[in-house]
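Turn these sequences into a full structure, and let the hints guide you.
Which chain is which? The protein sequence lines are A and B, in order.
Sequence positions in the first sequence follow this note's numbering and run 1 to 395.
Sequence positions in the second sequence follow this note's numbering and run 1 to 395.
These are calculated hints, taken from the structure and not from any lab test.
It is possible that some hints are incorrect.
[As the list claims (entries may be wrong)] Here are the simulated DSSO-like cross-link-like pairs (lysine-lysine), alpha carbons at most 27 Å apart as the crow flies:
#1 B:K110 x A:K110
#2 B:K220 x B:K110
#3 B:K110 x B:K218
#4 A:K220 x B:K110
#5 A:K110 x B:K220
#6 B:K218 x B:K49
#7 A:K220 x A:K110
#8 A:K276 x A:K49
#9 A:K218 x A:K49
Here are the chains, one letter per residue:
Number of protein chains: 2
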Amino acid sequence: MIPTSFQPPVRTLMGPGPADVHPRVLSALARPTIGHLDPRFVAMMEEIKDLLRTAFRTENALTMPVSAPGSAGMETCFVNLVEPGDTVIVCVNGVFGGRMCENVTRAGGKLVRVDSPWGRAVDPNRLEDALKQHPEARIVAFVQAETSTGASSDTGQLVGLAHRYDCLTIVDAVTALGGSPLEVDGWGVDAVYAGSQKCLSCTPGLAPISLNERAVAKIKARETPVQSWFLDLNLVLGYWTSDGGNRRSYHHTAPVNALYGLHEALLMLTEEGLEKAWARHQQHHIALRDGLEALGLELVVPADERLPQLNAVSIPGGVDDASVRRLLLERYNLEIGAGLGDFAGKVWRIGLMGFSSRAENILLCISALGAILNELGQRVDTTAALAQAQQALSQ
Amino acid sequence: MIPTSFQPPVRTLMGPGPADVHPRVLSALARPTIGHLDPRFVAMMEEIKDLLRTAFRTENALTMPVSAPGSAGMETCFVNLVEPGDTVIVCVNGVFGGRMCENVTRAGGKLVRVDSPWGRAVDPNRLEDALKQHPEARIVAFVQAETSTGASSDTGQLVGLAHRYDCLTIVDAVTALGGSPLEVDGWGVDAVYAGSQKCLSCTPGLAPISLNERAVAKIKARETPVQSWFLDLNLVLGYWTSDGGNRRSYHHTAPVNALYGLHEALLMLTEEGLEKAWARHQQHHIALRDGLEALGLELVVPADERLPQLNAVSIPGGVDDASVRRLLLERYNLEIGAGLGDFAGKVWRIGLMGFSSRAENILLCISALGAILNELGQRVDTTAALAQAQQALSQ
Numbered sequence: 001m002i003p004t005s006f007q008p009p010v011r012t013l014m015g016p017g018p019a020d021v022h023p024r025v026l027s028a029l030a031r032p033t034i035g036h037l038d039p040r041f042v043a044m045m046e047e048i049k050d051l052l053r054t055a056f057r058t059e060n061a062l063t064m065p066v067s068a069p070g071s072a073g074m075e076t077c078f079v080n081l082v083e084p085g086d087t088v089i090v091c092v093n094g095v096f097g098g099r100m101c102e103n104v105t106r107a108g109g110k111l112v113r114v115d116s117p118w119g120r121a122v123d124p125n126r127l128e129d130a131l132k133q134h135p136e137a138r139i140v141a142f143v144q145a146e147t148s149t150g151a152s153s154d155t156g157q158l159v160g161l162a163h164r165y166d167c168l169t170i171v172d173a174v175t176a177l178g179g180s181p182l183e184v185d186g187w188g189v190d191a192v193y194a195g196s197q198k199c200l201s202c203t204p205g206l207a208p209i210s211l212n213e214r215a216v217a218k219i220k221a222r223e224t225p226v227q228s229w230f231l232d233l234n235l236v237l238g239y240w241t242s243d244g245g246n247r248r249s250y251h252h253t254a255p256v257n258a259l260y261g262l263h264e265a266l267l268m269l270t271e272e273g274l275e276k277a278w279a280r281h282q283q284h285h286i287a288l289r290d291g292l293e294a295l296g297l298e299l300v301v302p303a304d305e306r307l308p309q310l311n312a313v314s315i316p317g318g319v320d321d322a323s324v325r326r327l328l329l330e331r332y333n334l335e336i337g338a339g340l341g342d343f344a345g346k347v348w349r350i351g352l353m354g355f356s357s358r359a360e361n362i363l364l365c366i367s368a369l370g371a372i373l374n375e376l377g378q379r380v381d382t383t384a385a386l387a388q389a390q391q392a393l394s395q
Numbered sequence: 001m002i003p004t005s006f007q008p009p010v011r012t013l014m015g016p017g018p019a020d021v022h023p024r025v026l027s028a029l030a031r032p033t034i035g036h037l038d039p040r041f042v043a044m045m046e047e048i049k050d051l052l053r054t055a056f057r058t059e060n061a062l063t064m065p066v067s068a069p070g071s072a073g074m075e076t077c078f079v080n081l082v083e084p085g086d087t088v089i090v091c092v093n094g095v096f097g098g099r100m101c102e103n104v105t106r107a108g109g110k111l112v113r114v115d116s117p118w119g120r121a122v123d124p125n126r127l128e129d130a131l132k133q134h135p136e137a138r139i140v141a142f143v144q145a146e147t148s149t150g151a152s153s154d155t156g157q158l159v160g161l162a163h164r165y166d167c168l169t170i171v172d173a174v175t176a177l178g179g180s181p182l183e184v185d186g187w188g189v190d191a192v193y194a195g196s197q198k199c200l201s202c203t204p205g206l207a208p209i210s211l212n213e214r215a216v217a218k219i220k221a222r223e224t225p226v227q228s229w230f231l232d233l234n235l236v237l238g239y240w241t242s243d244g245g246n247r248r249s250y251h252h253t254a255p256v257n258a259l260y261g262l263h264e265a266l267l268m269l270t271e272e273g274l275e276k277a278w279a280r281h282q283q284h285h286i287a288l289r290d291g292l293e294a295l296g297l298e299l300v301v302p303a304d305e306r307l308p309q310l311n312a313v314s315i316p317g318g319v320d321d322a323s324v325r326r327l328l329l330e331r332y333n334l335e336i337g338a339g340l341g342d343f344a345g346k347v348w349r350i351g352l353m354g355f356s357s358r359a360e361n362i363l364l365c366i367s368a369l370g371a372i373l374n375e376l377g378q379r380v381d382t383t384a385a386l387a388q389a390q391q392a393l394s395q
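Written out as structure tokens, the structure reads:
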């Protein structure tokens, strides 16, 4: 039996990503496909690179989207920068720091793992201890915005520390980019990667990256080839950058229509203004937080270490994680995220990313959670919670 | 200055891919994004796997799209199947065979390279010589449909040979899938990868793969971890296949909207019927060939080794490659492909892939080429060429 065309339900996406995608981005995806070497496509790629530089706050020449999801952006940074035998310090405070460790060992690096508690920022003192103990370290890596816990680490401080000990830095900004302050040049971040499907409000599948001159110099000085052909920046660059004659070498076929979507999403971010987008995420975070707390729910992360765009909430005792998420989805088409790793079954992750960070979404989330928790016998005051949220939104 | 929304020109894509994308596929891309763990999305993924099995003619459980372009599909097969020290025989008759060699060495394999002339099928005698000389070989790899030259190799025969010498096989079917016969189970292909943007008429960015039990057994028996985290099939499988409890582990965020497009494209192929699609490509190839030959142009590949979907044509003496392609694009929005590698400047590559394989495209290509060649002083009879093509189309 042949299936029929897939007609997805219309959901509100308040999980850890993908976030809601604006209709302008969706319709950009449907524009006619052109060749990946077409001069008009090449001109659009140049615009994407410029728009990404604005979003990353960088002048880095090597700023571009990898043609694959965020985890391939992570792998791009690690397989290019880590040479076999390099000592790499990875600060771990959630799932994605753990994934960085996997990347280091698979690239032949010597891993020094520095754990901070889940739900907390990376502890700079522990990083400094590790730097002192491992003067041979070449690279420090950490996650600015831990999507698994909602903790925000102080990238400026951590990068400063790493540089004092002569290390390059790799920063995961998958959930940060477009949602909370990120100053790639201002903080001296050497290599950074992000994802299209979080605060950029684009569809999943692309990983913007940016590397500075120091990072590029380390790649060019490699004695061993990059283990991945697909992610080898020496080759990718030949496609994404033109030589003097404006001729591009063929590397792989770029995901043309996905890039239409990214172009439109970045355009919308630039139209709004980056700092205004950060402020919007912050204001909506306060409103959601006030509403959730009025429902009696507690945020996992201490106030001064919270990401505005990803709110981890402790699941109240006696409430079944999966049932609540299922009811939210079935009744109200509302998706929130489950806990990952150590947090599985213990927290919900409520995202306010990009186009999902809207007043109407905050009210839907509070009212739907309130209604279901009451039904499950929790006795919560949804009226008060909505009033709290509304007050924060009106400020 | 903020750029404006990108409005691509409407091209006719008769290069080596991407091919024209059907409006049904384009509009599928623009459907609302849902979560990659949403039960409705998971159900659609199951349909994609079934539709891919139909297209590949296989029952392989491990049949799925890699979330990245065709070259990442290639890398997926090599980094999972090749262990450091494995001897791998690669048959090279064009650019993509050469890329396979890169993959082998980067994966730590010992490469045995067997060259056949560009523009010709892989020579089975040379493969057999190599198999005899290298009884330690574990894997044989080759390209069924060499997109750089338009040559079609005999996959059934080559796989049979490899198996006789106890080797697994990796087959590049990027340009083959959906356009010319491919019998994954019938020919015993152990691992195969393809691309979304060729004869499937989907947008670029996804790489369908299929591996049989023997290939999976080799991956499971590895003594070393797969060098890539992103492409490690042991991990990807946890996401793409459910365990008994229908629970999926999170690996990476799937490119949701791109997969809507692939679902629709595979649906259209199934509606047409795979064998009818092969026959359409073959008939249109004959019509294009007759027209081009009537224009005085010569196909590069001998008749019995030609791919119907990719026609490499020798550029007539005195005609400037780039000027003709530029005029076709600027005047008629018609894209044809340049030569790659050894064929750069010497051949044009004219694709008839998927939705590009239409009678109207054949007439456009012949009439536009005829008009431009006449303008350049070549004196060709476009009337006769169109009559030849029309005759072949009416049979």
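Tested hints:
no., hint, result
1, B:K110 x A:K110, "holds (26 Å)"
2, B:K220 x B:K110, "holds (21 Å)"
3, B:K110 x B:K218, "holds (17 Å)"
4, A:K220 x B:K110, "holds (25 Å)"
5, A:K110 x B:K220, "holds (25 Å)"
6, B:K218 x B:K49, "holds (22 Å)"
7, A:K220 x A:K110, "holds (21 Å)"
8, A:K276 x A:K49, "holds (21 Å)"
9, A:K218 x A:K49, "holds (22 Å)"
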